[in-house]
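K.L.:
From first to last, the protein sequence lines are chains A and P.
In terms of our numbering, the first sequence is residues 1 to 264.
In terms of our numbering, the second sequence is residues 1 to 252.
Some clues are possibly wrong.
To be verified - Derived pair list, reagent style BS3-like, types lysine-lysine, alpha-carbon separation capped at 27 Å:
(1) Lys-217(P) to Lys-60(P)
(2) Lys-75(P) to Lys-171(A)
(3) Lys-188(P) to Lys-128(P)
(4) Lys-117(P) to Lys-188(P)
(5) Lys-109(A) to Lys-99(A)
(6) Lys-117(P) to Lys-171(A)
(7) Lys-171(A) to Lys-60(P)
(8) Lys-117(P) to Lys-95(P)
(9) Lys-128(P) to Lys-171(A)
(10) Lys-95(P) to Lys-247(A)
(11) Lys-188(P) to Lys-231(P)
(12) Lys-117(P) to Lys-128(P)
(13) Lys-75(P) to Lys-189(P)
(14) Lys-189(P) to Lys-217(P)
(15) Lys-171(A) to Lys-95(P)
(16) Lys-109(A) to Lys-95(A)
(17) Lys-171(A) to Lys-186(A)
(18) Lys-109(A) to Lys-186(A)
Stated by the list, open to error - Selected chain P positions facing chain A (in silico; Cβ < 7 Å):
(19) Ser-56
(20) Leu-58
(21) Arg-78
(22) Met-83
(23) Phe-85
(24) Gln-87
(25) Ala-89
(26) Pro-92
(27) Trp-93
(28) Pro-103
(29) Ile-106
(30) Gly-136
I should point out that these hints are in silico values taken from the structure, not numbers from a laboratory.
The structure displayed is predicted, hence computed values, not measured ones.
Here a beta-carbon is modelled for each residue, glycine too, at the ideal position from N, C-alpha and C.
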Amino acid sequence: MNGGRKRYHNHDLVLTVLSLAVVIGVWELLVDLLSIPRWILPPPKDIITELYRSAGYLWQHGLVTLGEILAGFVLAIGVGMFLGIIIAFSPLLEKTLYKLLVISQSIPKIAIAPMLVIWLGLGLLSKIAMAFLMCFFPIVVGMVSGLQSTSRELLDLAHVLGANWLQSFLKIRFPAALPFLFSGLKVSASMAVVGAVISEFVNAERGLGYSLLVTTSQLNGPLTFAVVVILAAFGIGLFSLVAWLEKAICPWAKSAGTEDRTEV
Amino acid sequence: MAALLSFEGVGKTYHLPPRESIEALSGIDLEVQDGEFVTIVGPSGCGKTTLLKLVSGLIKPTSGRIAVEGTPLQKSHRRLLSMVFQQPALLPWRKVLGNVLLPCEIQGRGRGEAGAKARELLDLVGLKDFVNRMPGELSQGMQQRVSICRALISDPRILLMDEPFAALDEITRFELTRMLLDIWSIRKKTVLFITHSIQEAVFLADRVVVMTPRPGKIASVIHVPLPRPRKEEHLYDQSFSKCARAIHQLLA
Numbered sequence: 001m002n003g004g005r006k007r008y009h010n011h012d013l014v015l016t017v018l019s020l021a022v023v024i025g026v027w028e029l030l031v032d033l034l035s036i037p038r039w040i041l042p043p044p045k046d047i048i049t050e051l052y053r054s055a056g057y058l059w060q061h062g063l064v065t066l067g068e069i070l071a072g073f074v075l076a077i078g079v080g081m082f083l084g085i086i087i088a089f090s091p092l093l094e095k096t097l098y099k100l101l102v103i104s105q106s107i108p109k110i111a112i113a114p115m116l117v118i119w120l121g122l123g124l125l126s127k128i129a130m131a132f133l134m135c136f137f138p139i140v141v142g143m144v145s146g147l148q149s150t151s152r153e154l155l156d157l158a159h160v161l162g163a164n165w166l167q168s169f170l171k172i173r174f175p176a177a178l179p180f181l182f183s184g185l186k187v188s189a190s191m192a193v194v195g196a197v198i199s200e201f202v203n204a205e206r207g208l209g210y211s212l213l214v215t216t217s218q219l220n221g222p223l224t225f226a227v228v229v230i231l232a233a234f235g236i237g238l239f240s241l242v243a244w245l246e247k248a249i250c251p252w253a254k255s256a257g258t259e260d261r262t263e264v
Numbered sequence: 001m002a003a004l005l006s007f008e009g010v011g012k013t014y015h016l017p018p019r020e021s022i023e024a025l026s027g028i029d030l031e032v033q034d035g036e037f038v039t040i041v042g043p044s045g046c047g048k049t050t051l052l053k054l055v056s057g058l059i060k061p062t063s064g065r066i067a068v069e070g071t072p073l074q075k076s077h078r079r080l081l082s083m084v085f086q087q088p089a090l091l092p093w094r095k096v097l098g099n100v101l102l103p104c105e106i107q108g109r110g111r112g113e114a115g116a117k118a119r120e121l122l123d124l125v126g127l128k129d130f131v132n133r134m135p136g137e138l139s140q141g142m143q144q145r146v147s148i149c150r151a152l153i154s155d156p157r158i159l160l161m162d163e164p165f166a167a168l169d170e171i172t173r174f175e176l177t178r179m180l181l182d183i184w185s186i187r188k189k190t191v192l193f194i195t196h197s198i199q200e201a202v203f204l205a206d207r208v209v210v211m212t213p214r215p216g217k218i219a220s221v222i223h224v225p226l227p228r229p230r231k232e233e234h235l236y237d238q239s240f241s242k243c244a245r246a247i248h249q250l251l252a
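In isolation and in its complexed conformation, chain A is listed as follows (with noise of 0.2 Å):
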């Protein structure tokens, strides 16, 4: 079974390694070919060399966005189970808060992070906040659905073992929702990355958003898609490690196609 599964993930990685070396290469070439200027789309040897280049100064800003991140994602995981763990489990939560939520995420985010700022000052707390408004909402739509859609059979075989309520939610109802949560917490995740960035737009003085402000003001092309590239990573990674507790902790939420099946 084991070398079954590793033969899959080879054959994906080498995938995705060849079509990326494809983009760059085509890349490479229409920028030689079409003479396109370094600051409007830096050819990816130049961008590779500014990485080399300014890996302190990407380092130190880096360094700051990502706490952002972090800690609006590990915020927004803490707030959104619990909200919707509330609200799988009153009637009431369901019709009067959630709805309330569902409203408040059609107000465009943006134009909510100059009051965050307002709000809760120009430093690191109203970037945090902002990555948390972004990306919360995913984790406790996952956390409702999957706690109201443990199945019938289960919830019967519960009541029928005289399970109390507590013993239902923590060894029936809430492992059952774990692979709906993790598909909220991956969205979760993309989402973080922008939320921050977009605090940083409004205002800041550090970090990779206000890189590129910078970058992009002195058309510094090369510099500008460095930016962009750690911020990609930064998206990549967090997304990659989701995924990877998703299959650490829920393996029985895998679809057919790596498990062996024995016959009756």
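Dock chain P against chain A, hints included.
P.N.:
Okay, now just chain P, sitting in the frame of chain A:
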């Protein structure tokens, strides 16, 4: 001797908003003796699942009363019961052994000796080598065997089975039917077994409760005079055909 389980004038009406109601069961009178194997057979909608749900406490009757050894059915009686559903309903995140031990954890019984008992049960159903596998690795027939072990670990006096073999193919079904009878003969329990297969109903039972729908009523209770242990030859016995025919006529 008081019957272990008795139904007196039991009825169940479901109220569907805004004004509709469905009479699922009406005037059910039945007595089940200790150690009896009773099967319940009838077409869809005759209320057989409702009957089982009433015993397990998942729903309450709208009329009549259900009693266990003379005492009205209450929450504490749940310890005496176990239920097997049509779907195995195993927890996919637990190993087979963990699934069988679930009732012990919930009911707070000792885990040490329970572990040994769980292994013994799994061995009895032929799953000794699958103790540490995950449910997702097992076929449905095997999963259903695990769920039977789970139902037996608390050593219930009454075993409720709601068409447990319905989702399986005929061969697996017959195998599990025989396995069930083997287990039952070792640890005599009172079994209420729902099926919509007349053959299965007669083969398993001491008595067959035949139900008709709309509203769900007991048409008749047929005694099966076949000796135990039941064997494949009994399927072709005259008494078998007689019972089966009687049931067919009631359901026609």
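K.L.:
Can the restraint linking Lys-75(P) and Lys-171(A) be considered satisfied, given a maximum Cα separation of 27 Å?
P.N.:
holds, 21 Å
K.L.:
Taking only the CA atoms, is the gap from Lys-171(A) to Lys-95(P) under or equal to 27 Å?
P.N.:
holds, 13 Å
K.L.:
Does the interface hint hold: is Ala-89(P) within less than 7 Å of chain A, judged Cβ to Cβ?
P.N.:
holds, 4 Å
K.L.:
Are the Cα atoms of Lys-75(P) and Lys-189(P) separated by 27 Å or less?
P.N.:
holds, 20 Å
K.L.:
If you draw a straight line from the CA of Lys-109(A) to the CA of Lys-99(A), is it 27 Å or shorter?
P.N.:
holds, 18 Å
K.L.:
Between the alpha carbons of Lys-109(A) and Lys-95(A), is the straight-line distance 27 Å or under?
P.N.:
At roughly 24 Å apart (the allowed maximum being 27 Å), Lys-95(A) and Lys-109(A) satisfy the hint.
K.L.:
Taking 7 Å as the limit, does the beta-carbon of Arg-78(P) come near enough to a beta-carbon in chain A?
P.N.:
Since chain A brings a Cβ to about 5 Å from Arg-78(P), closer than 7 Å, the hint holds.
K.L.:
Take a quick look at whether Lys-171(A) and Lys-60(P) sit within 27 Å of each other, Cα to Cα.
P.N.:
holds, 26 Å
K.L.:
Tell me if the straight-line CA distance from Lys-128(P) to Lys-171(A) falls inside 27 Å.
P.N.:
holds, 25 Å
K.L.:
Under 7 Å, Cβ to Cβ, is where Pro-103(P) needs to be relative to chain A, so tell me if that hint holds or is violated.
P.N.:
holds, 5 Å
K.L.:
Against the 27 Å threshold, does the CA-CA distance of Lys-188(P) and Lys-128(P) hold or violate the hint?
P.N.:
holds, 23 Å
K.L.:
Is Lys-117(P) close enough to Lys-171(A), meaning Cα to Cα at most 27 Å?
P.N.:
holds, 21 Å
Going down the numbered hints, you'll see the structure goes against none, and every one checks out.
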